[in-house]
Structure formats: C-alpha cells, structure tokens
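Chemist: Which chain is which? The protein sequence lines are A and B, in order. So the number in my numbering is just where the residue sits in the first sequence, counting from 1, plus 468. So the number in my numbering is just where the residue sits in the second sequence, counting from 1, plus 468.
Worth double-checking, as some hints may not be accurate.
[Unchecked claim] Here are some of the chain B residues that sit facing chain A, going by a computed Cβ distance under 7 Å: (1) Phe-585; (2) Ser-596; (3) Glu-607; (4) Ala-739.
[Stated by the list, open to error] With the C-beta cut set under 7 Å, the calculated list includes, among others, these residues of chain B facing chain A: (5) Ala-634; (6) Leu-732; (7) Gly-733.
Derived from the structure by calculation, the hints contain no laboratory data. Every residue gets a Cβ at the ideal spot worked out from N, C-alpha and C, and that includes glycine.
Number of protein chains: 2
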Amino acid sequence: MPAEAGMGAVVPLGLKAALDEIAAEVDRGFDRLLPVPNDPRRNLYEAMRHAAIGGGKRMRPLLVRAAADLFKVDPICSGRVGLAIECVHVYSLIHDDMPCMDDDDLRRGRPTVHRAFDEATAVLAGDSLHALAFEILAEPETHPDPFIRAELVTELGRASGPAGMAGGQMMDLVAETETFDLPTVTRLQQLKTGALIAFSLEAGAILGHVPPEGRRALRGYARDIGLAFQIADDLLDVEGQEELTGKAVGKDAVAGKATFVSLLGVERAKAQAAMLVEQAIGHLASFGPEADLLRAIARYVVERDR
Amino acid sequence: MPAEAGMGAVVPLGLKAALDEIAAEVDRGFDRLLPVPNDPRRNLYEAMRHAAIGGGKRMRPLLVRAAADLFKVDPICSGRVGLAIECVHVYSLIHDDMPCMDDDDLRRGRPTVHRAFDEATAVLAGDSLHALAFEILAEPETHPDPFIRAELVTELGRASGPAGMAGGQMMDLVAETETFDLPTVTRLQQLKTGALIAFSLEAGAILGHVPPEGRRALRGYARDIGLAFQIADDLLDVEGQEELTGKAVGKDAVAGKATFVSLLGVERAKAQAAMLVEQAIGHLASFGPEADLLRAIARYVVERDR
Numbered sequence: 469m470p471a472e473a474g475m476g477a478v479v480p481l482g483l484k485a486a487l488d489e490i491a492a493e494v495d496r497g498f499d500r501l502l503p504v505p506n507d508p509r510r511n512l513y514e515a516m517r518h519a520a521i522g523g524g525k526r527m528r529p530l531l532v533r534a535a536a537d538l539f540k541v542d543p544i545c546s547g548r549v550g551l552a553i554e555c556v557h558v559y560s561l562i563h564d565d566m567p568c569m570d571d572d573d574l575r576r577g578r579p580t581v582h583r584a585f586d587e588a589t590a591v592l593a594g595d596s597l598h599a600l601a602f603e604i605l606a607e608p609e610t611h612p613d614p615f616i617r618a619e620l621v622t623e624l625g626r627a628s629g630p631a632g633m634a635g636g637q638m639m640d641l642v643a644e645t646e647t648f649d650l651p652t653v654t655r656l657q658q659l660k661t662g663a664l665i666a667f668s669l670e671a672g673a674i675l676g677h678v679p680p681e682g683r684r685a686l687r688g689y690a691r692d693i694g695l696a697f698q699i700a701d702d703l704l705d706v707e708g709q710e711e712l713t714g715k716a717v718g719k720d721a722v723a724g725k726a727t728f729v730s731l732l733g734v735e736r737a738k739a740q741a742a743m744l745v746e747q748a749i750g751h752l753a754s755f756g757p758e759a760d761l762l763r764a765i766a767r768y769v770v771e772r773d774r
Numbered sequence: 469m470p471a472e473a474g475m476g477a478v479v480p481l482g483l484k485a486a487l488d489e490i491a492a493e494v495d496r497g498f499d500r501l502l503p504v505p506n507d508p509r510r511n512l513y514e515a516m517r518h519a520a521i522g523g524g525k526r527m528r529p530l531l532v533r534a535a536a537d538l539f540k541v542d543p544i545c546s547g548r549v550g551l552a553i554e555c556v557h558v559y560s561l562i563h564d565d566m567p568c569m570d571d572d573d574l575r576r577g578r579p580t581v582h583r584a585f586d587e588a589t590a591v592l593a594g595d596s597l598h599a600l601a602f603e604i605l606a607e608p609e610t611h612p613d614p615f616i617r618a619e620l621v622t623e624l625g626r627a628s629g630p631a632g633m634a635g636g637q638m639m640d641l642v643a644e645t646e647t648f649d650l651p652t653v654t655r656l657q658q659l660k661t662g663a664l665i666a667f668s669l670e671a672g673a674i675l676g677h678v679p680p681e682g683r684r685a686l687r688g689y690a691r692d693i694g695l696a697f698q699i700a701d702d703l704l705d706v707e708g709q710e711e712l713t714g715k716a717v718g719k720d721a722v723a724g725k726a727t728f729v730s731l732l733g734v735e736r737a738k739a740q741a742a743m744l745v746e747q748a749i750g751h752l753a754s755f756g757p758e759a760d761l762l763r764a765i766a767r768y769v770v771e772r773d774r
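In isolation and in its complexed conformation, chain A is listed as follows (with noise of 0.2 Å):
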C-alpha cells in the first residue's frame, strides 16, 4: 500500500480531477478569507496564509462537497463549510505542530508556522483561524435557513472541542507516558481524527435538509473512513517517505505511542483498514452511482502516498 503506491498509480481519473479542483478552490477561498492589511497585523495574515494555502490534501472539503452533491446541494454552500472545516483543521495543525505538543519543524513539505515566524505569532495564527471558521459558518451566504447554519455551528463546535479533536489531542498527550489498549488508542482516534471527518459528511446532509434519522448510511461511512483513514496514517508514519508526505516519519514509534500499527502489526493493520474500506462502501449501498466519488474516497484513504 503506502510505500509502494505512487499518486499516479492509484488515483482514479474521476477522483484526481476533483481532489484537483476542490484544492483550487480551498486556496482560492483562503485567498480572499485572508486579505493581508497594511498594519501591525500583517505577520497573523502572513502566518494564516502561509498554513492554509498551497498544501494538503483537502480531504474534508471534499467530503462534505460529495456529501452535500448527494442532495443536489448548490456548490457555493458545500464551498463554504468545506473552508470552514479547513480553516479548523489548519488551525489544529499550528497548535499540534507547536514545540510544547508535537514539536515538528515540516509540515506539508514547508516550514511550520512557528518555525517560520514563531510561537506566538503560531498560537494566534491558530486561534484566528478557528474564530474564522464559525464566522463563516454563521453568515447568510453559508446558507439562506439560520436553522441549518446554526446546526452547523453546533455540530462543528461538539466535533472539535473537548468532546472532540481537543479531546482526542489531549489523549494524544497522555498517550506518551501511558500505554493504551487497542478500544483506547480506537476511541482516541475516534476523536481526534474521526470527529471532524465525521462533521465533514453530517454538514453534507445538514445542507441537504437530510433529518438525524436520515444520516445513518453516512455516519457509519464517516467512522469507517475516519478510522482507515488514521490507520493509514499510521502506516505512513511506519512505512511513508519523508518526500511525499511533507512531514517527519518514524515519530510515533520513537515517542513509543501505541498506534494501530505498534499494536496490531503492519500486516494486520493493513488488513483492518482494508476491511474498513469496504465497510464504508457497503454504507452507501442505497445510493447509486450518484455515491461513486465517496466509493473513490474511501479507496483512496489508504491507498494514498501522503
């Protein structure tokens, strides 16, 4: 998987092209989000600029884009929430970079924020960019109905908090000094990585006026995915290159964190994210071939290089 699989080799034709075009829209929507002023605040600009613009994978925006494209959701919507997740994910990724976390010099083969300018200007950068997400959640342009945008911001505030991604980095932390057990380091990931992956698809069905009870075949892709999704990443960190993933490899065993890998072997590892794989697939058997750039997602999840 990983190691051997170049982009090319395995990204069908149908997913690149829209991993291509939603990454152009992410940097495109940063741009205009993140005008620099002529002030004593240009360097917070700066520092936003140089973490959410020209890199990743866009992996959320493109979720809740085919999610939402399921229930013929106008684009300009899915666009908006998608840069919202963005801008928290991004955020989360200035903080977790920072010395006093995981202290990581590379981040999506550039300089991390505190690197390239310095903590504090990281802390803000981070905190900016989260303020910016709900903003942009909570405007008209988001949506015309306030109950769907004020359900977005709901849900998006639960995925991240403590309940969620800062839940699960604080599990994160504590994974160094103590040893987790398999249900643990699961449930860690569940939070840390799975909430906002989980978000991405239910703001999906939360544009399409799809109801809770609605969005089961959905949430059961999204904890699948979330969890392959992790899995691969694990085995990125194991077996990955320096080069393609943009970040330093080999630092969850050196930490002596349990992952999915330290605990159930590469092999088994690879195994589980496969049989999860088609795990969320078989969640999308109601839909028809309208599901088919979800079906590539999810494929793609683990068999992707970085």
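For this one, chain A is given, so just place chain B on it according to the hints.
Modeler: Below, chain B alone, put in the same frame as chain A:
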C-alpha cells in the same frame, strides 16, 4: 483612583449585588458545562475548570445581562451568551499567559494554566473553551430564533478573530519591538479588549431584537467604556497592587510597551478615563432608570482596584 480606592469604598450596593450574582451564576454555568470525565481527557477538563471557575470580575457577562435587561430579554438567554463570551475571554487569557506570549505565572491570584498543568494542556484548554463558546451560542437553548443565534455567532467570530481580539493581541506583540503612537495604541486596545466588550453590549441588543440602527447608543457606550477600561488597566499596571489585581504589575514598563499611561502620563490618563466615563453615560441619555446598572458599571470600570 485605582491605588487609593478599595472595592468597598467605591462600589454602590446595587452594582456590588449584581457583580456577586453574575459571578455566582457564571461559576455555576462553568461547573455544569465542564464535568470532569473519567478518561484520559481528565486533565483537559481540570485545566479548563482551573482557569474558568472562581475568579475574574465577570465584567462581560454582566454587560450582556445589563444590556439585555434593557429590552426585557429572558435572563436564561443573556446568561448563556455571557457564559459563551466568558469562554472566549478565559481562552484568550490562557493563551496570552503562555511563555511564548506574555509569560505570566499568576492570574486571578492563582498559577496560570501552563504553570499548574503544562503548556500543551494550556493550548488545548484554550482551544476547547474557544470551541465551546460557539457551541453554546448556536444551541437552541440560547434563543428560540435561529436568526438571532446565527447573528451572535457571526459577531462573536468577528469580535474574537483576526479583525478583533486576536488581531489586537498580534498588535500587542508587535508593540514590544515597535514604538506605537497614540492612535495606534488606541486601535490596538479597541481590538484587543474593546471588540469583546463591544460584542457583549451588542449581544444584549441582538437578543432584544434591536435592529442595527437602534444600537447606536450602546455602541457608543461600549466604545467609551472599552477604552476607559483599558486606561484603568494600564494605570493598575503602574499603580496597582499585585495582591488585589491577582497578576503581576509593572510589566508594560519592563517590556517597553507604549501604553496610554506611557504616552499621556498618569494624570492625563486619569483625566481621559474620567472623560470617557462621562461620555459613556451620556450615550445612555435616552434610557431611564433601567440603565442605572450600565451607568454604575461605567463608573466602576475606572474606579476598580483589580
């Protein structure tokens, strides 16, 4: 002013009761919001409770309540909005106290979060409170009308993000190496502390269904007390007592930062603050005794000793 007058001497009975009541209400709110889970996220919640419960003047929640009461808003609504704003205020203090920012060991008379826990926990505790703020605002319990909830979220995002509080904090960092003139210091403070104070009053009006054009008086009041509040803070940094303020004093001079006091001198700064208070009270001329609490707060803002 600050150094001479103790709380008992200057706080009128009605304001004292209102301050005590809102402080107890905010503490109860945080206690309910942050139950400590029995899992590896325990320290994250303990850190949030350490920072959020049992301290602070709770000026912003009191301003929301006082403004909302003008329009006979359900106190449950104004209480929830006040709690959300206090989440943002507390998150900003946690991050601002970190070694890479202001490097403070003491806050509200207790060790700062990164001292009582560690820096990584401080980053995540701040991020978690930040997310909770928006979640609280957007939940149906905050107001039955989703238009109102969405507007509150948009405005809080603006007030706390790079065009508001976070932008002001960035200017404050730059102030350590560049010499700012009075208009730039004024702009810095309007963003750093003024934006969240202004949102507190605006939120009361939003909850009361007051359209933007009807908020002019409260906006003027907010702008004036925001600046007066900051001048008083600068004076406390020069003349205040650490036992009362609960944080280190004399820091601005050591850092060589331009402040209202360094630019105007103590006497002119005091006169300016007093003028701003009278001007703030002048903005309330169209209100009757129902605005007496706001008038008392305006006076308290410069007369407080902590």
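Chemist: Checking against the hints above, which ones are violated?
Modeler: 1, 4, 6, 7
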